[in-house]
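The residues making up each chain are set out below.
Number of protein chains: 2
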Amino acid sequence: MSLFEAGLTMRATPWSVLQSLSHATRPATRLPIALWKRTFSSSACLQLRTSELADTSLKSIKVDPDRLWDTIHSTAKWTEPKSSPSIKEDIRTAGLSRLTLGKEDRQARDWFVQTTESLGCKTYVDQIGNIFAIRPGLNSDDNGRVPATFAGSHLDSQPSGGRFDGVLGVAAGVEMLRVLNDNWIETEGPVGVVNWTNEEGAKYPISMMGSGVWAGRVSLEDAWNLKSVHPVSEVTTVKQELESIGYLGSIPASHKNGVRIGAHFELHLEQGPKLEVARQAIGVVEGVQAYKWFTVTIKGRESHAGTTDFANRADALYSAATFITMVREVARSLGGLASVGMLAVSPSSVNTVPGEVRLSLDIRHPSDKALNEMLKTIQGICRQIESNAENTSGGRTHLTRITIDMKEDFASNAVKFSPEAIRCVEQSATDLLGEATKFQRMTSGAGHDSVCTSMHCPTAMIFIPCKDGISHNPSEWCEKEDCAIGANVLLHSVLRMDRLRKERGEFE
Amino acid sequence: MSLFEAGLTMRATPWSVLQSLSHATRPATRLPIALWKRTFSSSACLQLRTSELADTSLKSIKVDPDRLWDTIHSTAKWTEPKSSPSIKEDIRTAGLSRLTLGKEDRQARDWFVQTTESLGCKTYVDQIGNIFAIRPGLNSDDNGRVPATFAGSHLDSQPSGGRFDGVLGVAAGVEMLRVLNDNWIETEGPVGVVNWTNEEGAKYPISMMGSGVWAGRVSLEDAWNLKSVHPVSEVTTVKQELESIGYLGSIPASHKNGVRIGAHFELHLEQGPKLEVARQAIGVVEGVQAYKWFTVTIKGRESHAGTTDFANRADALYSAATFITMVREVARSLGGLASVGMLAVSPSSVNTVPGEVRLSLDIRHPSDKALNEMLKTIQGICRQIESNAENTSGGRTHLTRITIDMKEDFASNAVKFSPEAIRCVEQSATDLLGEATKFQRMTSGAGHDSVCTSMHCPTAMIFIPCKDGISHNPSEWCEKEDCAIGANVLLHSVLRMDRLRKERGEFE
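First to last, the protein sequences are chains E and X.
Note that UniProt numbering gives residue 250 to position 250 of the first sequence, counting from 1, and the numbers run on in steps of one.
Note that UniProt numbering gives residue 285 to position 285 of the second sequence, counting from 1, and the numbers run on in steps of one.
Rather than coming from a laboratory, the hints here were simulated on the basis of the structure.
For glycine and all other residues, C-beta sits at the position ideal for the given N, C-alpha and C.
Warning: the hint list may mix true and false statements.
[Unchecked claim] Think about it this way: if two alpha-carbon atoms lie no more than 27 Å apart in a straight line, the pair counts; the simulated DSSO-like pairs of lysine-lysine are:
#1 Lys62/X - Lys407/X
#2 Lys467/X - Lys299/E
#3 Lys467/E - Lys407/E
#4 Lys59/X - Lys407/X
#5 Lys502/X - Lys467/E
#6 Lys239/E - Lys256/E
[What the hints assert, rightly or not] Now the stretches of chain E that chain X is said to cover, found in silico as 3 or more residues with beta-carbon under 8 Å:
#7 66 to 74
#8 153 to 166
#9 343 to 357
#10 440 to 451
#11 471 to 485
[Claimed, not checked] Derived, one-sided and incomplete: chain X residues facing chain E with beta-carbon distance under 8 Å:
#12 Leu48
#13 Leu317
#14 Met342
#15 Arg441
#16 Gly445
#17 Asp468
I would like the entire structure built from these sequences, with the hints used as guidance.
This is the structure:
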């Protein structure tokens, strides 16, 4: 049952009253779709239609910064209890620990369903636990045949994560619903908020899992059968946990025959320092860069650190150090990124020249082509290091031989968001901030659920500054004002897209 | 009871027969020192006195390569059983696993005592388990008042060690005793073979432990109280294990009031590739280089590898890579060595720029002064890396700040061996090899028991080539011929030193 089902009653009741109704007490009268659709738009109350909103009036419709802030931090109460006896109360450092599909995630999900339903939405849970809350528009039906324009993100967190990553986007979506209600705004098509399952991939190791299944890039079976890695378990699977927390829905998790999406906007903290350093309020995200992950194995020869002169060493760690410095130079010169985050040395003894090093390599570039060029150059560097190994001319190459092997573990192509969705964000930012110097177009360095939605609908993202660029950490922080600016851009982007979709005849 | 006690009988019995007598069956008649000392030199048998040996006749006295080879490999039977069901029989790859003071070490010690006693030695075990086997000379007493000229090394090994490290020096000492007996040679002073306890420091973590206690650089209490680290145990101590294997002697472990040493020669495999590369048979070791060990902690800032551009990173691993490459360049330019053998990255995630790296640094130089100069330059490099951290000029230094801290863990000063002991080795090498191109003077990169003996008596070392410079590894290998050349140089060095000590009136 949802507010949809309360059709006529709803129209006679102020939103503020409706908001206070609990899930259980709302009336259950079911009306034919055609009827309450018409009723919804023909209410006697003064209502604004999106298509009637000029840019100037749009500009005056804004989120409530305090209410948004409260939403963000009140949802943080569902967090795993710290092992320390005294839970930190300082919201600037307390962070968030809400692994997907745990008890705390269920609490956050329950809140999301209850809140969005109380704000006039109908909620849908699909087979992978994605929750779609849809607020009807002037042109809606109850079966999702008219796809909604969504604001979306995720409520799960890293094991020791921050309070904004994902949560900000969902909370701003909820705030959007409130602002629409406060202002008696009726959108042309339905709008909604979506909470994607397991974006982090921290407990079940596929990130963007829920949106990935929805988009068809991850199979439902694969996702269902994932086993917990945090804690490691051979028993607990995604499907079991979905079932046990009551979020194994029956709707297909599919862009084709599940809940369809008309457009998707995601507000997120940047997770990097660019906006903060540039003192800009908004990043208009044009896409997500391509990236590849490798395991690099460098083999040399163990030898005694005191008795082996440099000319007779095959020092795997020295070669690794050379690799690390050279690879960064390549990335810098080609406008990409390269990072070595993991490195293990063998045999790991203070007076033994390492015989083997394994390291991880993460390379990124906004362009697939440039990424492949980077990769080629890096492979060239490997050959160069191998042939530069000292003393190879002396016929004793077995003493100084270095070999480098790169194994690709993961690849994600570059994503370009839809130009019209980007334009909605950029126009909103321009209108709200007044001048173009307050924002920049940028490419997301990290993956987000929007990567998956962009495969099937117009998608764009909005970034806000992130203190010191720190994320996935309890000290992750955004300023209240920045959250509000971001939520305003999100709200306006959704409304502009709704208008655009109307203009394009999508609701006819 | 020892052969000393069999005085007169011994003189009447050919050495070959004596060698076949077991410890238990040898006669027990005790004679006054003065008597058997005289008797020993006045036997009717044809005997050579060291002082009567001209260089030309010395040259013809040589070890038996096959017998030496057999000794080396037969002692390898006391090795810890491999976990694999089939023990490798190939001596080229089987290696040796004989941690100090274990059952296998006891077996090797028993063999050493029994063999040296059967070869005419009296054995002494001191409080730290060092075993001194002394063969009387023309000028000997039974109380060690005349210090012997020793060949010495160790029978313990690394957990997964080679068959030559230490064993070669002891086996060559035993072979020396056999050659002296075969040739009816009487030395002027006593000569001996010493098996030092726990040279490796693998099970009880002080290397050169037995010789260190003897030399007074490690206290007996400290050594006794060491706890096993292989396997880790809070219970098993050196003293307990010495007692349990029957090698807790009563003689003070002291160069002052224990067994005194007139001179010490140690034959060892090089453990590096220099001789092999230079195709030389002998290294005349002049000393041991100075070295220092450090723990280096590099702190930066964790950040997202996809979202943090280079200008805003404080990448601890990139700084470590720069450190590793720069430090090697410093060492190379100053004629020393620098090695990073251990490195740990935190937080160790493929898409997180590392916030902290800890690494070990081992620096070495034959000169203490030059080592300190190296250290100063390296400290300068640390400051340089700290100040080179990007973007520090932008007033946002907290984003890109790198700090490097170096903590000294261990230091060992340079050791210069005694010129006359070196000369004994060099003259022996010259005489035996014919030309000076067949050997080189060198500095030992690693520590050896000779470092400790050199503090109190003329000491020198002899190196032989080591296949591929590999040591502390089952594939450690020396050729039979090289072992024999090394043993000959050892034998002749001891005899030359004996002659020299006689000339200097040390036995009067």
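Hint-by-hint comparison with the structure:
About 50 Å separates the Cα atoms of lysine 62/X and lysine 407/X, which puts this hinted pair outside 27 Å; it is violated. At roughly 19 Å between alpha-carbon atoms, lysine 467/X and lysine 299/E fall within 27 Å of each other, so this suggested pair holds. Distance check on the hinted pair: lysine 467/E and lysine 407/E sit about 35 Å apart at the alpha-carbon level, beyond 27 Å; violated. A threshold of 27 Å between alpha carbons decides the hint, and for lysine 59/X with lysine 407/X the separation of about 51 Å lies outside it, so the pair is violated.
Simply put, lysine 502/X and lysine 467/E have alpha-carbon atoms about 81 Å apart, too far for the 27 Å limit, and the pair is violated. The straight-line distance between the Cα atoms of lysine 239/E and lysine 256/E is roughly 21 Å, inside the 27 Å bound, and the hint therefore holds. A stretch counts as covered by a chain when three or more of its residues have a beta carbon under 8 Å from one of that chain; for the segment 66 to 74 of chain E and chain X the count is 0, and the coverage is violated. Here's how the segment 153 to 166 of chain E fares: 0 of its residues keep a CB closer than 8 Å to some CB of chain X, so the rule of at least three is not met and the hint is violated.
With 9 residues having a Cβ less than 8 Å from any Cβ of chain X, the segment 343 to 357 of chain E passes the three-residue criterion, so the hint holds. With 4 residues bearing a CB less than 8 Å from a CB of chain X, the segment 440 to 451 of chain E meets the requirement of three and the coverage assertion stands. Three residues within the 8 Å Cβ limit are the bar, and the segment 471 to 485 of chain E against chain X gives 3, so the coverage statement holds. Nearest Cβ of chain E to the Cβ of leucine 48/X: about 37 Å, over the 8 Å cut. The hint is violated.
For the restraint placing leucine 317/X at the interface with chain E, the shortest Cβ-Cβ distance is roughly 6 Å, inside the 8 Å limit, so the hint holds. Below 8 Å, beta-carbon pairs count as interface contacts, and methionine 342/X has one with chain E at about 5 Å; its hint therefore holds. The closest approach between the C-beta of arginine 441/X and any C-beta of chain E is roughly 15 Å, which is over the 8 Å cut-off, so the hint fails. A hinted interface residue such as glycine 445/X counts as satisfied when its beta carbon comes closer than 8 Å to some beta carbon of chain E; here the least separation is about 3 Å, so the hint holds.
This hint holds: aspartate 468/X has a C-beta 6 Å from the nearest C-beta of chain E, less than the 8 Å allowed.
Of the hints listed earlier, those the structure fails to meet are numbers 1, 3, 4, 5, 7, 8, 12 and 15, in rising order.
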